[in-house]
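Enquirer: Below, each chain spelled out in residue letters.
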Amino acid sequence: QQQVKQSPQSLIVQKGGISIINCAYENTAFDYFPWYQQFPGKGPALLIAIRPDVSEKKEGRFTISFNKSAKQFSLHIMDSQPGDSATYFCAASKAGTALIFGKGTTLSVSS
Amino acid sequence: DTAVSQTPKYLVTQMGNDKSIKCEQNLGHDTMYWYKQDSKKFLKIMFSYNNKELIINETVPNRFSPKSPDKAHLNLHINSLELGDSAVYFCASSQIETAEAFFGQGTRLTVV
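In the order they appear, the protein sequences are chains L and Z.
Residue 1 is where the first sequence starts when you use my numbering, and the numbers rise one by one after that.
Residue 1 is where the second sequence starts when you use my numbering, and the numbers rise one by one after that.
Bear in mind the hints are in silico, worked out from the structure with no lab data behind them.
Check before you lean on any hint, since a few could be wrong.
Derived DSBU-like pairs: lysine-lysine, alpha-carbon spacing no greater than 35 Å straight-line [unchecked claim]:
| id | chain 1 | residue 1 | chain 2 | residue 2 |
| --- | --- | --- | --- | --- |
| 1 | Z | K22 | L | K94 |
| 2 | Z | K71 | L | K15 |
| 3 | L | K57 | Z | K19 |
| 4 | Z | K36 | L | K42 |
| 5 | Z | K40 | L | K42 |
If you want the footprint, here are the derived chain Z segments under chain L, 3+ residues with CB under 8 Å [to be verified]:
| id | region |
| --- | --- |
| 6 | 41-51 |
| 7 | 98-108 |
Computed list of chain L residues with no C-beta within reach of chain Z, every gap over 12 Å [claimed, not checked]:
| id | residue |
| --- | --- |
| 8 | I12 |
| 9 | G16 |
| 10 | F62 |
Ideal Cβ positions, reconstructed from N, Cα and C, are used throughout, including at glycine.
With the hints as constraints, model all of the structure from the sequences given.
Expert: Following this line, the structure appears as structure tokens:
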């Protein structure tokens, strides 16, 4: 049973466009929802995170939208740049437990 | 100054051998983890450990064992290595209250 489902598997976006990656979760006890960015040969790096008491969080060009009733959250990357090309993972956890990751989205931003 | 560091970065070994991967964190975190990333990039939790509790993912073979000499270190020992153990292994740490996990650079293990 996959607890965190992520889509799409891969995404190609033009430079300057908006990249949107979606995740859905099943466990209503989850209370922490981060997004990680991973470049080849590197470890995942925390990008932005949200807790279920807010519906949106923005940091620079990155925004998380959170829909508690639908059990969905998404990452929006505004003005996508070639340097944003990486694999993105959504994740979820409940207090005191390890992160459960989605299967990842490979983003390619074409110049 | 690296927050979570793992050694070695690459490890090539023969089937049947026993190997260890070391992890150290200098963030003062109370919880450490080992994750396995397979060839499809799927990240899966293997162990989480703090000074009170070791939580083992039930799907992890008992050939894998974490060992923590102190709060800042969590090493991974693997016995009788198999071809299917080839993957990238990531160490991570977090403070249990914030849940923000920081990852090391990974160890690419290749079993031949």
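Enquirer: Compare the structure with each hint and give your call.
Expert: We went through each hint and held it up to the structure:
no., hint, verdict
1, K22/Z x K94/L, "holds, 27 Å"
2, K71/Z x K15/L, "violated, 44 Å"
3, K57/L x K19/Z, "violated, 43 Å"
4, K36/Z x K42/L, "holds, 14 Å"
5, K40/Z x K42/L, "holds, 15 Å"
6, 41-51, "holds (count 6)"
7, 98-108, "holds (count 8)"
8, I12, "holds, 17 Å"
9, G16, "holds, 27 Å"
10, F62, "holds, 15 Å"
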